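Please put together the full structure from these sequences, using the hints given.
Each residue of the first sequence is one higher than the one before, counting from 0 in numbering that gives the first Met the number 0.
Please keep in mind that the hints were generated in silico from the structure rather than gathered at the bench. Everything numeric in this text was worked out from a predicted model, so none of it was measured. A few of these clues could be false.
[Claimed, not checked] Taking lysine-lysine and the BS3-like style, the derived pairs with C-alpha atoms no more than 27 Å apart in a straight line are:
hint : residue 1 : residue 2
1    : K148      : K124
2    : K197      : K148
3    : K212      : K197
4    : K197      : K252
5    : K269      : K252
6    : K269      : K197
7    : K252      : K212
[Said to hold, decoys possible] Simulated restraints on C-beta separations:
hint : residue 1 : residue 2 : range
8    : D62       : G241      : 26 to 32 Å
9    : R245      : L149      : 29 to 35 Å
10   : L82       : R151      : 45 to 51 Å
11   : G241      : S96       : 50 to 56 Å
12   : A79       : T253      : 36 to 42 Å
13   : T184      : D219      : 46 to 52 Å
14   : T204      : A243      : 21 to 27 Å
15   : K85       : V246      : 44 to 50 Å
We put the CB at the ideal spot given by N, CA and C, even for glycine.
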Amino acid sequence: MPELPEVEVTRLSFAYRIAGGKVLSASLGKALRWPLGCACNQLLGRVVVGVRRRGKYLLVDLDEGLLLLHLGMSGSVSFAEQLPPKGVHDHFELVTSHGTLRLHDPRRFGAVVFARSEDAPEAQKLLGRLGMEPLTDQFDLAQFQDQLKLRRAAIKQVLLAGNVVVGVGNIYASESLFAAGIRPTLSAARLSRPRVAKLHAAIRTVLANAVAKGGSTLRDFSSATGESGHFQLSAMVYGREGQACRVCQSPIKTLRQGQRSTFYCPTCQKA
DNA sequence: CACGGATCCTGATGGC
DNA sequence: TGCCATCAGGATCCGT
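What follows is the structure in structure tokens.
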């Protein structure tokens, strides 16, 4: 479910409200992708200092240590003073004096991991190999060009891998490549510098636009306050196989890359 | 190191 | 209605 825009929309929807809250209780349900890395009662009394995002991770900063939350494919976060009773797929809960943070994740590809600090090995294991943040100045064009030169794989797969640039998942990889007019199957290393520059700008525009639209709600994404996103309504290619391209009217095509669907316009996206 | 494929898990959907 | 196959917003691990 969640790519960078959905994670950022989630963050924006609860960060300012949870900040300052003191942890009153914490509980875990079924196992997520990795163990929490501490006993739940070690979190008692901690104060939530703020919530940041790195790639698709939410970093819940505590006065001592931090929690790394990942939503996997099907995760979502709720935050409210009072939440409805726990359901079968609610696997983590942090009750604070400002409200309750809950992670709902049917497929359990998500994770909650405690780390003593961002630099600690348990955090670096998850964050250490992440690529550049696309919506910050860290996303340097020259560096992007240099790094793509080292990758022979298809540009779509390089974007998804997250070790060059983070946060671009299956929806926004297709959308960004459409915006840049690039065929998803092209080898990253063979893209001309001007085309990479176009892609660099496209990624930023597409992601920023998606955040502004509240993310994409395909089946069940909503922010921590329950708001649906509506980026999917303006998607140019994702989920539009067979429909007319919004620019040139050609039917949108689909293909499989690394067991994921890719959508593209055969006319607008040049080989 | 870079690459492609298998893998974790549950639920929705479509064909027969 | 049931059963089976396929697909779904991710990312790690493993063999080459």
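Status of the hints after comparison with the structure:
1. Restraint check for K148 and K124: the C-alpha separation of about 26 Å stays at or below 27 Å, so the hint holds.
2. In summary, the hint linking K197 to K148 is supported, as the alpha carbons are separated by about 15 Å, within the 27 Å threshold.
3. Distance hint between K212 and K197 is fulfilled; the C-alpha atoms sit about 22 Å from each other, no more than 27 Å.
4. Taken as a hint, the K197 and K252 pair is honoured in the structure, with Cα atoms around 22 Å apart against an allowance of 27 Å.
5. Restraint check: the Cα-Cα separation between K269 and K252 comes to about 13 Å, which is no more than 27 Å; the hinted pair holds.
6. Under the criterion of a C-alpha separation no larger than 27 Å, the hint pairing K269 with K197 is consistent with the structure, at around 13 Å.
7. For a cut-off of 27 Å, the pair hint linking K252 to K212 stands: about 25 Å separates their Cα positions.
8. Separation of D62 from G241 is about 53 Å and departs from the stated range, judged on CB atoms against 26 to 32 Å.
9. The hint said 29 to 35 Å for the Cβ distance between R245 and L149, and at roughly 34 Å that hint holds.
10. The given range of 45 to 51 Å is respected by L82 and R151, whose C-beta atoms sit roughly 48 Å from each other.
11. Distance hint for G241 and S96: a CB-CB separation of about 52 Å, consistent with the stated range 50 to 56 Å.
12. Between A79 and T253, the C-beta spacing of about 39 Å keeps the proposed range 36 to 42 Å intact.
13. Between T184 and D219, the C-beta spacing of about 31 Å breaks the proposed range 46 to 52 Å.
14. About 22 Å separates the C-beta atoms of T204 and A243, a value consistent with the hinted range of 21 to 27 Å.
15. In this structure, K85 and V246 meet the distance hint of 44 to 50 Å, their C-beta atoms being roughly 46 Å apart.
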